[in-house]
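Peer 1: One-letter residues, chain by chain:
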Amino acid sequence: MRLLKAVSSFFIISLSAFNSAAVDINVDINGKLYVFNEPIKLADALSHIEHPELVYWPDAGLFLASEQTVQQKHALMTRLINQLALLPAQSSEKAQLADFIAWLSGIRVARRIDLPVEFERARHVRKSNPLLQEGLFYLRASYVQPQVLLLGAVTKYQADISADSIVQAHELHHNFAADAADNSWAYWSVSGAEWHKVGIAYWNKQQVELAAGAMLYFPFSSSVLGGDSEEINQQILMLLRNWVR
Amino acid sequence: MNRATQLGVMFCALFAASTLAQDSDYSQASHGGVGIFQTPTARMAPSGNFSLNYNDLDEYRFWSASIQLFPWLETTVRYTDVRTRLYSPYPEFSGDQTLKDKGIDVKLRLWQESYYLPQVSVGWRDFGGTGFFESEYIAASKRVGPFDLHLGMGWGYLGSGGNISNPFCELSDGYCQRPGGFSGRGGMIDYQRFYKGPASVFAGLEYQTPWEPLRLKVEYEGNNYTKDRARGIVQDSNINYGLVYSYDSLDFHLSYQRGNTLAFGVSVGSNFNTIKTPKFDRPPPEVNAAGLSAKRFKRSTLRNQLYYRAGFVTTGIKLDGEELIIRGQQQAFREFDVSIERVGRVLANFAPDKVSRYRIILEELEMPITEVVLQADEFRTYARYESLDQPVSSVYVRQTPAMDDIDWQFTTLNHGFGYSFEPFWMQMLGNPEAFFMYQGGILSSLSYQFSEPWSATGVIKTTLLENFDKFNFKVDTQNSTLPRVRTFSREYVTRSYVTLDKLFLNYRERLQKDVYAQAYGGYLETMFAGVGGEVLYRPLDSRFAIGADINYVRQRDYNSEYKLFDYSVVTGFVSLYWEPEFFDDSLITISAGRYLAKDVGVNIDVGRRFDSGIIVGAYAALSNASADEYGEGSFTKGFYVKIPFDLMSFKSAKGMGQIPWIPLARDGGQMLKRPVYLHGVTSEREKPRKYYK
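Same order as they appear, the protein sequences are chains A and B. FYI, the working numbering numbers position 187 of the first sequence as 187, with every residue one higher than the one before it. In short: position in the second sequence from 1, add 245, done, that's the working numbering.
Honestly, the hints are just simulated from the structure, not real lab data. Hints should not be assumed to be uniformly reliable.
Under 7 Å between C-beta atoms, here's a sample of chain B residues computed to sit facing chain A [unchecked claim]: (1) 388; (2) 631; (3) 828.
All values reported here derive from a predicted model rather than from experimental measurement. Here a beta-carbon is modelled for each residue, glycine too, at the ideal position from N, C-alpha and C.
Only chain A is shown next, with the shape it has when bound in the complex (with noise of 0.2 Å):
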């Protein structure tokens, strides 16, 4: 009886020790978690997705949870205390850099993966289909929300917008840019993986237009951020590419 309990000892610790040698793979799709025994194709992930042919995949993204990336977001928010506490008590500016501060503490992020993420295009083309290893990942791909999210100096978090409509990225400017925010210019992203710079100014203005689902950052300006406010912007531009929504 011992012996049969030394030997069935020695397997159930075999085993756990092959267990726990096993890869989990954790999926976490739209908020819903999966954990997968082995590496999973991206494709195979995106199976998991109900009705992708009502998903905007223009603003679809896969990130993988990143120490690095935390630690990243971390270090730019003490960055932007401690410019907070340079700027004037009561002023409407400091209020608005600490709303976007209390903003960024909120949210989660993790490491873009550098990927166009496609139902159909992860079932074809080889390339658009790598193996999921190891780790906690993040597959957004959501529906099409009529707004336009509106980040960094703004007076409103999101501009409602009908699904088959436009807006000028100057106009949202005109209406929802904080006073903390740079007179000249902004940022739209369509999935925020890449931000492209747009005048909205007298003088540099330039006709682009927003489609619902697209995203405007309005950089603070360089009395908020002071002389660094142009890499600081960018720093928070770099953050925005790691959020997952």
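Dock chain B against chain A, hints included.
Peer 2: Frame of chain A, contents of chain B only:
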């Protein structure tokens, strides 16, 4: 004499391949460069922008090329045809050809426009030489919605109307009068004239109409035409106005100038950063889950696949346990990472599965230049897309090839014949006989490789089309105190329809890990024969390299394919090659030594490489030959555009063709055109470049 050798077809291909429309925000002025009609503005075209312009203004016709070298630097070269005057009063010299003048302009942006401040630039137009339109200016531009407002102040031609007093004249009397003439024998920068004499303000307004292709322009100019070289120009108004219509990569200009002259022009534009040709290469091979079994592995199959799927000509293969080493030359793919990925994919499919490491030794002229090491498993994971968003550079290591001899198990023949054919195109602009003179044909090259370090090469030049029969003189009549080492060029190019351009022996060797050397002897170039050698120290991925060459040469007889003149010289240079961090994608070459005419000095060459791989450069030779000794032009200077063959082909290609523009070449400051340059041969030692960043 102006001499420019190039592959002319490339120029056409440059624009044929263009897919970019002109930037509608900015248009070219009559003289070339961003501006209104007669006046420049502070605006700059997008970086890399290139415009070829033609403008017709009754008395003048302007041909110009403008390049935005950096976002803050615009350069323009221009030929002007003065239709009211003859090239010379001697019909036997220049027939009935009208007067031609060349000019160079530079514009520098001082600061960019912002919410409250305008953009401000300073510029110098037609500086140096005889300077028909020599001017200095400062200009400011501010945009308000669809309007672009411009204000500037000019001296020289732009300020000759003198509509305000020269502010510098208030500070010093020396600025009240503008000296005449030019220093040296022309071709020098006459900075002692800058900002002197009459000054004028000028202004402009541009309006972008709601119809996007159409732009309206009006300007107030400060020029006074009474002293124009065209003579007799009547100016009824200081206000010029007109329009620009854009269609694809073309801008059409129509204007009414001086209150009495209808002018028109056309600009064709491209951008050296973004210009691209679609490619129809075979796709890179997909990588199998495993390589071949040892039994199925065949070196000949591997060699063939490397050539057909990766453009890699294999000259040696060695399988040593778990390591596979190959050596050879990449002949199709100019981007290093693309080349390595393709080679790696072939190796992953056709190398034995037991191999855990691939070593790829890249050679040029049989000398190992760089080595890439790939871990087989890691690369296979990458190539099968089982890893996430990694560039290929994350799975290879670049290193300097070891000096050890490798006992190759398979090599291609290390001796034998090779041949090649390539077109040549030579053009000369602004000649007395005809403005545009040309010669084109085929360069046929035959080489024999004796053993690895030795080869013999002969190049035959066959002329197929030319108009050099219009030459009505060969050697110029100027008294030259320097030996005529280059001014016999017309004799050389008209010697025969079929000529021996080069015939030389070449020996090369890698002496140390980072040191390369070569020796050569024979007919080294069109005008000189002799012997010489070169040593180059070039560490891998370094921004610096240093080399030295020494040559003993004699001048070739232009009456004979083989004979030599008595003139001989020992010539050579020590050269520093530097890619400074503060100038993106630029190479500065500084060479100090002795020129062909035995003058001593320094040659400075600055080349700027754009994202497409096109290189635009300029050079100047400053030697102890005085301006009087040198003659017209005062010193040797020139410009060039190097165009990758990849831009002219639907298949990926390596190599470059060059279009030079030499305003005036005489005998001082002339270097030997060596048949092989080690810095070019070792170009794979530079940090891997990504095109179209």
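Peer 1: Give a verdict on every hint.
Peer 2: Do the hints match the structure? See the list:
1. Satisfaction of the interface hint for residue 388 of chain B is found here, the shortest Cβ-Cβ separation to chain A being roughly 5 Å, below the 7 Å cut-off.
2. Annotation: residue 631 of chain B was flagged as interfacial toward chain A, and the flag holds, the nearest CB pair being 4 Å apart, inside 7 Å.
3. Taken as an interface hint, residue 828 of chain B does not check out: its beta carbon lies about 21 Å from the nearest beta carbon of chain A, beyond 7 Å.
When each numbered hint is compared with the structure, a violation occurs for hint 3 only.
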